[in-house]
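Engineer: Line by line, the protein sequences give chains A and B. Using the numbering used here, the first residue of the first sequence is number 1, and each one after it goes up by one. Using the numbering used here, the first residue of the second sequence is number 1, and each one after it goes up by one.
Accuracy of the hints is not assured; some may be wrong.
Restraint-style ranges between C-beta atoms, simulated for each label pair [as the list claims (entries may be wrong)]:
{"id": "1", "chain 1": "B", "residue 1": "D104", "chain 2": "A", "residue 2": "S236", "range": "54 to 64 Å"}
{"id": "2", "chain 1": "A", "residue 1": "G293", "chain 2": "B", "residue 2": "E29", "range": "36 to 46 Å"}
{"id": "3", "chain 1": "A", "residue 1": "P140", "chain 2": "B", "residue 2": "T42", "range": "23 to 33 Å"}
Just so you know, these hints were derived from the structure itself, not from any lab. We put the beta carbon where it would ideally sit given N, CA and C, even for glycine.
There are 2 protein chains.
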Amino acid sequence: MPQPRYDVIAIGNAIVDVMAPCDDALLEELELRKGGMTLVDTARARTLYDAMGPAREISGGSAANTLAGLAALGLECAFIGQVADDQLGEVFAHDIRAAGIDFDTPARAGDPPTARCLIFVTPDGERTMNTFLGASQFLPPAALDEDTIASAAILYLEGYLWDPEEPRRAMRRAIEVARGAGRQVAFTASESFVIERHGDDFRALIADGLIDILFVNESELASLTGKASFEDGVASLAGQVPVLVATRSARGAVAVAGGERVDIAAEPVDRVVDTTGAGDLFAAGFLSGHVSGAPLRECLRRGAVCAAEIISHYGARPEADLARLVAERTDSLLQG
Amino acid sequence: MPQPRYDVIAIGNAIVDVMAPCDDALLEELELRKGGMTLVDTARARTLYDAMGPAREISGGSAANTLAGLAALGLECAFIGQVADDQLGEVFAHDIRAAGIDFDTPARAGDPPTARCLIFVTPDGERTMNTFLGASQFLPPAALDEDTIASAAILYLEGYLWDPEEPRRAMRRAIEVARGAGRQVAFTASESFVIERHGDDFRALIADGLIDILFVNESELASLTGKASFEDGVASLAGQVPVLVATRSARGAVAVAGGERVDIAAEPVDRVVDTTGAGDLFAAGFLSGHVSGAPLRECLRRGAVCAAEIISHYGARPEADLARLVAERTDSLLQG
Chain A
1 MPQPRYDVIA IGNAIVDVMA PCDDALLEEL ELRKGGMTLV DTARARTLYD AMGPAREISG
61 GSAANTLAGL AALGLECAFI GQVADDQLGE VFAHDIRAAG IDFDTPARAG DPPTARCLIF
121 VTPDGERTMN TFLGASQFLP PAALDEDTIA SAAILYLEGY LWDPEEPRRA MRRAIEVARG
181 AGRQVAFTAS ESFVIERHGD DFRALIADGL IDILFVNESE LASLTGKASF EDGVASLAGQ
241 VPVLVATRSA RGAVAVAGGE RVDIAAEPVD RVVDTTGAGD LFAAGFLSGH VSGAPLRECL
301 RRGAVCAAEI ISHYGARPEA DLARLVAERT DSLLQG
Chain B
1 MPQPRYDVIA IGNAIVDVMA PCDDALLEEL ELRKGGMTLV DTARARTLYD AMGPAREISG
61 GSAANTLAGL AALGLECAFI GQVADDQLGE VFAHDIRAAG IDFDTPARAG DPPTARCLIF
121 VTPDGERTMN TFLGASQFLP PAALDEDTIA SAAILYLEGY LWDPEEPRRA MRRAIEVARG
181 AGRQVAFTAS ESFVIERHGD DFRALIADGL IDILFVNESE LASLTGKASF EDGVASLAGQ
241 VPVLVATRSA RGAVAVAGGE RVDIAAEPVD RVVDTTGAGD LFAAGFLSGH VSGAPLRECL
301 RRGAVCAAEI ISHYGARPEA DLARLVAERT DSLLQG
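Isolated chain A (complex conformation):
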């Protein structure tokens, strides 16, 4: 097996986040499910945008955020995702390339426009997301460069993108290519509603041994396993994937791999400003340790430090010097 050209290649939604603070009363008025992610159509996106306060635009997308974290930590990364040939598509492409990530998926002409996620952030820092998938859902299998996928140590996939049909086909094909090249496949479940719709698919992927590293949060774990208790859920999945990472927001995280289980606390944060991207950056920190063969505890600590950075400011792309933070706070044995 040739030396990998990339540490991680990811397939994900190519989204620009449109973020504004709001109070809880506005969520109620708009009938938004606090803390959740909901897909919206053009008309609903218009209604929500009209009701939103002055906003800022910052590139997002779950897997793309994870890559931005990995690139900031010095890993070689590539991204595959579909933007439209419009201004927000340019913004997304600029930001991901400026983060040092290779991104070559051609922009798609015509409608729909580039995906955006309207994010309402309440004073407690909780984010409520409303995603207009736009061009993102039309990522065709033909957009995959199979040689590139085969050349990455880890293929990283986001569950959000499993919902639309074309990207799902593209991701299935990417898994075949990566497995065929002897690479690892990492998967983030993304949101419990995705599991409600596609749980059988995910369980089959796991049962078939196609997932090497699985990231879930508490509600995703419950949806995936049907177990109401966190511990029962962990016990039920732990034997089925080589590496299981289960995050629990302020209550820390658990990883199980090679028969070993490690629990860690969450990294303290002065003030939670905006939780958007917490899971994405946890995955970045964890994988940055994993690719270097770090001990499980070190991988988890890296995840916690990266998640703490992202929730201390608006937006799901890192602002601080992540590599320095990780070096300072994890007593890392890995330098670089």
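Given the coordinates of chain A, work out where chain B should sit on it, guided by the hints.
Structural biologist: What follows is chain B alone, placed relative to chain A:
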């Protein structure tokens, strides 16, 4: 004279700021004049954007920022400015309306696109701006609703927009309308390069008694008066405009009106993150006092508090509750 419908109507550039942190070495490499504002064409904008790190987009524009501050302080405001019929134009229009400001200038079809300002922010918080004027420079005199202009207590104009020909004609006409309706005209000089190009125009406006309230910073004062010393500059202009406001960044500000002169210190800030919009928000605070007939010192203190808020975070639109800040920090006799 009928009761004004608006407190302030402004004519200005309709711009989306594209902001990224950078180090001083990048400014040198790109041959950027630190702290300045430079107009750039499409090719230069492309070069600079390609060299810029991951960015965020936040609505900007000097006069529009001032209105956002005024609206946050509870004043009734309207904005006139030209966006293109594109995604960044939608972003600008959304953000200004969401701030509670009336904005009815129709978007302009076709090229060029909506204006953007590429802002490099160095670790000292200084911003270096590169403005692609795009659609903004094609604001036609026909876009003015003269009844609306006549219905505002203050017409606020930004010097930046004096440079392109069509908006300059529109602004000259707006001054006639406002003066004809017995309203006040406020003018911000914006940047010394504008004065270098149009100083004779500005001096003629002042000599003709068409400017009631003039905002300048130190370098603009020097360009406008030809006096190297700040005190000489103030002395030279003070008698020529009813209200002169001269800001000096960290060294505070001076106002002269009705024979009275007041000097104030700058408001302390924990950390200067990004100075973009400092002058714009100083003007907002000052005018919010002025329209209520507040004493000169109170007007200046309001300006200082608003400027301090804006430089404590990225972006030139207020994030904190400005009205509360002003009430807390100015011992304001004016409530609301």
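Engineer: Go through the numbered hints given earlier and state which of them the structure violates, listing their numbers in rising order.
Structural biologist: none
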